[in-house]
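Participant: One letter stands for each residue in the lines below.
2 protein chains.
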Amino acid sequence: MLRWKTILFFLSSLFPVFFSKNVSLYSVISPTYGVNESVRVKEEEEEACGDPTMYEKFWRQTGNAAELVIPGSQTMSYFSDVTNLCWFLEPKFAAEIRRLHRLVGNAIAGPDRYIIVGTGSSQLFQAALFALSTSPEVFGHGGGGRPLPVVSSVPYYSSYPAATDLLQSGLFRWAGDARSLKEGDKPYIEVVCSPSNPDGLLKTASVSSNSGKVIHDLAYYWPQYTAITSPADHDLMLFTASKCTGHAGMRLGWAIVKNREVAKRMMKFIEVSTIGVSKDSQLRAAKILKTVSDQYELEAAEDFTKLFHFARKTMRDRWQTLRLVIAASDAFSLPVFQPQYCNFMKENTLPFPAFAWLKCEQDIDDCESFLRQKHKILTRGGKHFGADAKHVRISMLDRVETFDMFIERLSAIDL
Amino acid sequence: MLRWKTILFFLSSLFPVFFSKNVSLYSVISPTYGVNESVRVKEEEEEACGDPTMYEKFWRQTGNAAELVIPGSQTMSYFSDVTNLCWFLEPKFAAEIRRLHRLVGNAIAGPDRYIIVGTGSSQLFQAALFALSTSPEVFGHGGGGRPLPVVSSVPYYSSYPAATDLLQSGLFRWAGDARSLKEGDKPYIEVVCSPSNPDGLLKTASVSSNSGKVIHDLAYYWPQYTAITSPADHDLMLFTASKCTGHAGMRLGWAIVKNREVAKRMMKFIEVSTIGVSKDSQLRAAKILKTVSDQYELEAAEDFTKLFHFARKTMRDRWQTLRLVIAASDAFSLPVFQPQYCNFMKENTLPFPAFAWLKCEQDIDDCESFLRQKHKILTRGGKHFGADAKHVRISMLDRVETFDMFIERLSAIDL
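One line per chain: the protein sequences are H and W, in this order.
What the first sequence shows, in full-length UniProt numbering, is residues 1 to 415, in sequence order.
What the second sequence shows, in full-length UniProt numbering, is residues 1 to 415, in sequence order.
Bear in mind the hints are in silico, worked out from the structure with no lab data behind them.
Backbone N, C-alpha and C define an ideal beta-carbon position, used for all residues, glycine too.
Straight-line distance between alpha carbons at most 27 Å, and here's what the computed DSSO-like set of lysine-lysine pairs gives:
1) H/Lys287 - W/Lys57
2) W/Lys268 - H/Lys383
3) W/Lys346 - W/Lys313
4) H/Lys268 - W/Lys268
5) H/Lys383 - W/Lys264
6) W/Lys306 - W/Lys287
7) H/Lys57 - W/Lys92
8) H/Lys287 - H/Lys313
9) W/Lys268 - H/Lys376
10) W/Lys92 - H/Lys287
11) H/Lys258 - H/Lys92
12) W/Lys92 - W/Lys57
13) W/Lys290 - H/Lys287
14) W/Lys383 - H/Lys268
15) W/Lys287 - H/Lys287
16) H/Lys359 - H/Lys203
17) H/Lys92 - H/Lys268
18) W/Lys287 - H/Lys57
19) H/Lys92 - W/Lys57
20) H/Lys203 - H/Lys258
21) W/Lys383 - H/Lys264
22) W/Lys287 - H/Lys92
23) H/Lys290 - W/Lys287
24) W/Lys376 - H/Lys268
Per the computed footprint, the stretches of chain H lying under chain W, defined by three or more beta-carbons under 8 Å from a beta-carbon of chain W, are:
25) 66-72
26) 117-131
27) 164-171
28) 269-275
29) 284-296
Produce the complete structure using the sequences and hints provided.
Facilitator: Okay, here's the thing in structure tokens:
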């Protein structure tokens with residue numbers, strides 16, 4: 001079974017330029033010194049994102065169902081629905097978001113919750129920081145000293161500090177590990193990413209305090225990555241199409257918000273920074289989400305033709321492969337997970353996270369450099385996530401050729 | 001000729017709910033006290049934007065040429081072109097941008113210029129502020145005291161101060177009228193919008209100083225609004241699809257940048273804030289721009305079937321109508337423009353700006369309230385633009401029914 005992979009690996013060594021078309025986050029085919037600046041920028045970004053190209057295979061098999069046709073005269077106005085607080089949210093997209101959450105059971109998204117659409121959940125994260133740091137209702141008058149500290153428990157998603165401090169805002173500033181805060185501390189904002197990027201573990205807010213407000217980033221709370229144990233019902237939750245259906249290029253995320261003032265302040269941020277969000281992508285996302293729900297609700301189809309079953313099987317296979325390779329040597333380790341019952345899949349399941357949080361177990365202090373320079377495996381080092389350099393983050397969502405090449409190279413490491 | 005307009009006006013008084021579907025920036029059909037909060041928010045935003053729904057009529061007549069079909073498996077990756085510095089810019093879109101500027105002759109956009117795509121030119125404006133305030137190359141080491149003042153000559157686009165100060169950045173801050181700066185002042189950034197929003201006049205940078213860097217917002221430098229006298233060739237120029245083809249809902253703008261470091265810093269801003277820009281909208285914009293250029297370059301069609309000719313005729317007719325109404329009373333005045341030779345249209349032409357900058361000539365101090373409360377005409381007051389309250393800005397880009405209703409109401413004012 002491994003034979004063709006060996007051939008592929010051999011060929012890639014001979015013809016790096018050809019194979020470099022499969023640019024991936026963990027396998028830099030052309031050696032580092034041969035990478036030009038643009039490609040290097042791209043690789044760094046790609047690793048930062050976890051490009052979900054694994055899903056292309058699924059969407060190719062859906063045919064016309066998920067195809068969108070937009071006439072030249074559509075989506076011209078800035079406005080989507082003047083009766084909605086979020087006036088740039090396409091009603092079809094909003095309806096499909098609520099429908100999908102009801103189907104999967106991963107979040108409460110009924111009509112009494114505000115849905116705010118954003119240019120990816122990155123924009124919504126910043127909108128949430130803006131809203132929480134400028135709504136007097138949130139921390140009470142005079143309660144919110146500025147800049148408000150923003151924290152997350154280590155290891156945290158590397159984009160949180162970058163996005164928080166991008167403009168050196170006077171409203172909020174990155175303050176690192178949530179565990180450094182103490183009960184009774186002044187007002188702060190905590191970001192809780194669960195299941196966690198980068199390590200896949202389930203997380204809850206670190207400090208239980210009235211002076212803290214929490215942003216719940218639930219990008220990975222979908223049945224392909226983890227057990228759906230109950231519908232999430234937090235004050236402010238973020239989701240993104242990228243990690244749900246794999247459509248990263250649509251740049252669409254949505255927030256589910258309980259408090260009207262917070263929702264209005266988030267709107268204000270998006271209005272001023274981008275005057276709304278691409279309507280073309282929203283119409284497309286409506287079609288994509290509709291296809292997913294229709295597969296489950298309307299069609300008597302085989303499981304592998306349904307998104308979450310397809311993606312979960314792929315993730316499970318990849319994690320099994322990766323764990324086999326890791327178990328074969330003492331060089332590396334992975335987080336240990338516990339199985340849980342998934343209400344959506346109706347069975348016990350282990351988590352199969354979108355990223356593997358790999359640790360170098362032996363005396364290699366800089367795991368990222370070691371893997372990159374010696375083994376042409378591109379990862380993102382632990383320091384970006386507030387952790388140590390013995391850890392690296394590896395995306396599990398790339399195309400099959402790239403994943404196989406990564407496994408091949410990892411297997412070849414002899415420590 | 002005015003008869004049906006009179007009937008329309010009469011009907012709108014009788015059935016405000018029906019007519020309120022034509023929500024517009026200058027005509028609030030339902031009286032102010034009857035407007036609910038969402039609609040009010042929407043109206044304010046709409047006036048802030050100048051919703052270009054006038055163009056819908058044009059795009060309805062183009063049929064299949066401008067229609068886009070996107071299969072479910074397309075535009076999934078974050079990446080568009082790894083060989084390009086702007087790795088999230090769709091190559092087809094970039095090619096059509098360069099082609100259109102070459103056709104119209106309004107900007108130098110050859111292969112030696114960097115094109116950066118943004119979620120509307122609003123995002124690019126902030127990206128430019130970030131780039132100019134953080135690139136050491138721009139002001140020299142130690143030259144750029146922070147926060148850098150950002151200025152524009154009065155009257156300026158009301159979104160500039162809002163976007164500059166949104167996050168209370170430590171990098172830059174809004175400092176108002178460009179004319180308040182003196183030669184030899186410390187480093188600053190000047191935004192030059194020409195033709196100007198709100199008043200339609202041509203502008204150049206106010207202070208000629210080496211310590212100032214200029215962002216040229218050329219959103220309205222297209223042949224339907226003004227004479228194209230020469231290709232613009234500034235260091236940093238912003239354009240937007242909204243005002244070129246009328247596709248505001250696509251949320252797409254582009255910057256043309258000479259300096260590589262500045263382009264890279266702008267990229268950094270967009271990467272961190274939204275990890276790129278909707279690919280669906282970019283593919284759609286490529287198709288839309290292609291349709292426009294094809295009409296001029298490949299098809300032997302009538303002028304009115306070509307975008308710039310259609311839009312210019314509409315704008316000219318509207319401005320003639322508006323000037324007739326204004327001339328009939330002493331209540332209001334408009335800016336006076338001079339004709340110039342347009343290299344694209346091959347004739348002398350007056351400007352026909354996207355906004356009318358109307359002045360109340362008599363003893364009405366608050367023109368916005370006067371028009372809104374007494375005459376149900378919604379405008380944006382001069383103070384938002386750094387000017388006095390005797391001025392208001394009125395969009396000229398709305399649907400024909402709304403424009404006609406505005407003219408009807410304006411004609412009825414008897415001072």
